[in-house]
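Chemist: Each chain, written out:
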Amino acid sequence: MLEQADRARFEAEIIPHRDAAFNLARWILRGRAQAEDVTQEAFLRAYRSFGAFQSGNARAWLLQIVRNCCFTWLQQNHVAEEMTEFDEQTMPPKAENPESLAMATYDRERLQRALEDLPAHFREIIVLRELEGCSYKEIAAITTRPIGTVMSALARARQQLRTILTEPVPKGSQP
Amino acid sequence: MTCDLTHTRLHAYFDGELDAMGAAEFERHLESCPDCEARLAAEDKLRSALAGAQLYARAPETLRKKLQTALPKAAIPPEVRDPKASVEKSWRWLAIAASVILAAILGTHYLEKMNRYSQQQAMAAVIVDAHLRSLQPGHLEDVISTDQHTVKPWFDGKIDFAPPVRDFASDGFPLLGGRLDVIDSRTAAALVYGRRKHIVNVFVEKAQPADSKDASGELQGYHWISWQQNNFTFTAVSDTAYADLDQLKQLFLAP
Numbered sequence: 001m002l003e004q005a006d007r008a009r010f011e012a013e014i015i016p017h018r019d020a021a022f023n024l025a026r027w028i029l030r031g032r033a034q035a036e037d038v039t040q041e042a043f044l045r046a047y048r049s050f051g052a053f054q055s056g057n058a059r060a061w062l063l064q065i066v067r068n069c070c071f072t073w074l075q076q077n078h079v080a081e082e083m084t085e086f087d088e089q090t091m092p093p094k095a096e097n098p099e100s101l102a103m104a105t106y107d108r109e110r111l112q113r114a115l116e117d118l119p120a121h122f123r124e125i126i127v128l129r130e131l132e133g134c135s136y137k138e139i140a141a142i143t144t145r146p147i148g149t150v151m152s153a154l155a156r157a158r159q160q161l162r163t164i165l166t167e168p169v170p171k172g173s174q175p
Numbered sequence: 001m002t003c004d005l006t007h008t009r010l011h012a013y014f015d016g017e018l019d020a021m022g023a024a025e026f027e028r029h030l031e032s033c034p035d036c037e038a039r040l041a042a043e044d045k046l047r048s049a050l051a052g053a054q055l056y057a058r059a060p061e062t063l064r065k066k067l068q069t070a071l072p073k074a075a076i077p078p079e080v081r082d083p084k085a086s087v088e089k090s091w092r093w094l095a096i097a098a099s100v101i102l103a104a105i106l107g108t109h110y111l112e113k114m115n116r117y118s119q120q121q122a123m124a125a126v127i128v129d130a131h132l133r134s135l136q137p138g139h140l141e142d143v144i145s146t147d148q149h150t151v152k153p154w155f156d157g158k159i160d161f162a163p164p165v166r167d168f169a170s171d172g173f174p175l176l177g178g179r180l181d182v183i184d185s186r187t188a189a190a191l192v193y194g195r196r197k198h199i200v201n202v203f204v205e206k207a208q209p210a211d212s213k214d215a216s217g218e219l220q221g222y223h224w225i226s227w228q229q230n231n232f233t234f235t236a237v238s239d240t241a242y243a244d245l246d247q248l249k250q251l252f253l254a255p
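These protein sequences, in sequence, are chains V and E.
Take the first sequence: its letter number 27 is residue 27 in this note's numbering, and every next letter is one higher.
Take the second sequence: its letter number 65 is residue 65 in this note's numbering, and every next letter is one higher.
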């Protein structure tokens, strides 16, 4: 149980990041209902280990916990998910055709579907960078990966996102 | 600078993560490379599309309420919780006086402990920062060599002490190179070691009386360990396991 002062500090420093926490969970888990449960679980876990957090980046500290809870949830619920960690050796960069770059379509619905089609480890990195505006250093801390890996994974994630967006829309998936 | 090399660098530039020199270098490359220019424009288009698509999912009101009720309430003294409680006045004053004295005693003790703790935390943040900075492209080594007899003389004349440079390749910590770094406004020799796929920075500084003898910790997923040896303060930092850092420390301490 936290001391009164710690509880106040938790409310002042950690609780305000609930949007960031929920948004990350929503995209890793691809659903709002799961995200709500897992975010709550993550906050409880953060609350219990708040004693270990003294100073530093509160948002990154919380998001690291949220992320871990999300991946645990995916594993426990056997969600069919590409869980392979990004590895530069086995995933060499593919050349991107400049002409195809111009063809990508970017309406909201397609973007949302494309982002959800990305492997989880690419999805989280795009969400942290583009939606949450995290620095490489923060992403490295949240995902516990070296900053160099974050850099190349981000490059690859963007490329794959664009590739999905240039693919023709499958029949029947349009409303 | 070839385009292959710039592939990742383009993203670092696009995200404002290159230092001034790196950014200038990249901009020079950009002037003569229409391919990179097209890529950059494509990245920009994707970013504006993502930003404009309102994909950010804010926490619903239900979650806010759940958090309010789910987090256990800290123990609140009864007289604060229930002001109508009929406590005898004199008793209350005595209790308040006692708790003020107790708080003062505990507070001083706590502050001292906190102070020591936060100093260590601040140091850890500086070390982890320096480690992260070194991992930016082109920042890791100033002298690239696996030969301790090349790395050691490189420091001559650059700093006013001779750091002990040793290669531990046979123990699984190959020396990759060295560079100068500034840790908390003190010049340090940074020795770079490899550990499987990880990079370990070992910062060597002249020991100061205020340096703690032995300390270790974790910050943002990075482990660090510091020790003193022959009037130097060593600090090793990496995202590798703590046991690896401890092993490296033992290698340094071994004659």
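Incorrect hints may appear among the rest.
Using 20 Å as the maximum straight-line C-alpha spacing, the simulated DMTMM-like pairs for lysine to aspartate or glutamate come out as follows [claimed, not checked]: (1) E:Lys197 <-> E:Asp156; (2) E:Lys66 <-> V:Glu109; (3) E:Lys45 <-> E:Glu61; (4) V:Lys137 <-> E:Asp167; (5) E:Lys45 <-> V:Glu109; (6) E:Lys66 <-> V:Glu36.
These aren't lab readings, by the way, just hints derived from the structure by calculation.
Remember, predicted model here, so these are calculated numbers, not experimental data.
Chemist: Run every hint past the structure and note whether it holds.
Modeler: Now for the hints, and whether the structure bears them out:
Proximity of E:Lys197 to E:Asp156 is assessed by CA-CA distance (about 30 Å); at most 20 Å being required, the pair is judged violated. At most 20 Å may separate the alpha-carbon atoms for a hinted pair to count; E:Lys66 and V:Glu109 exceed this at roughly 30 Å. Among the hinted pairs, E:Lys45 with E:Glu61 is inconsistent with the structure: their alpha-carbon atoms are about 33 Å apart, more than 20 Å. Of the pairs offered as hints, the one joining V:Lys137 and E:Asp167 is violated, with about 29 Å between alpha carbons and a cut-off of 20 Å exceeded.
At most 20 Å may separate the alpha-carbon atoms for a hinted pair to count; E:Lys45 and V:Glu109 meet this at roughly 16 Å. Between E:Lys66 and V:Glu36 the CA atoms are separated by roughly 10 Å; this keeps the pair inside 20 Å, and the hint holds.
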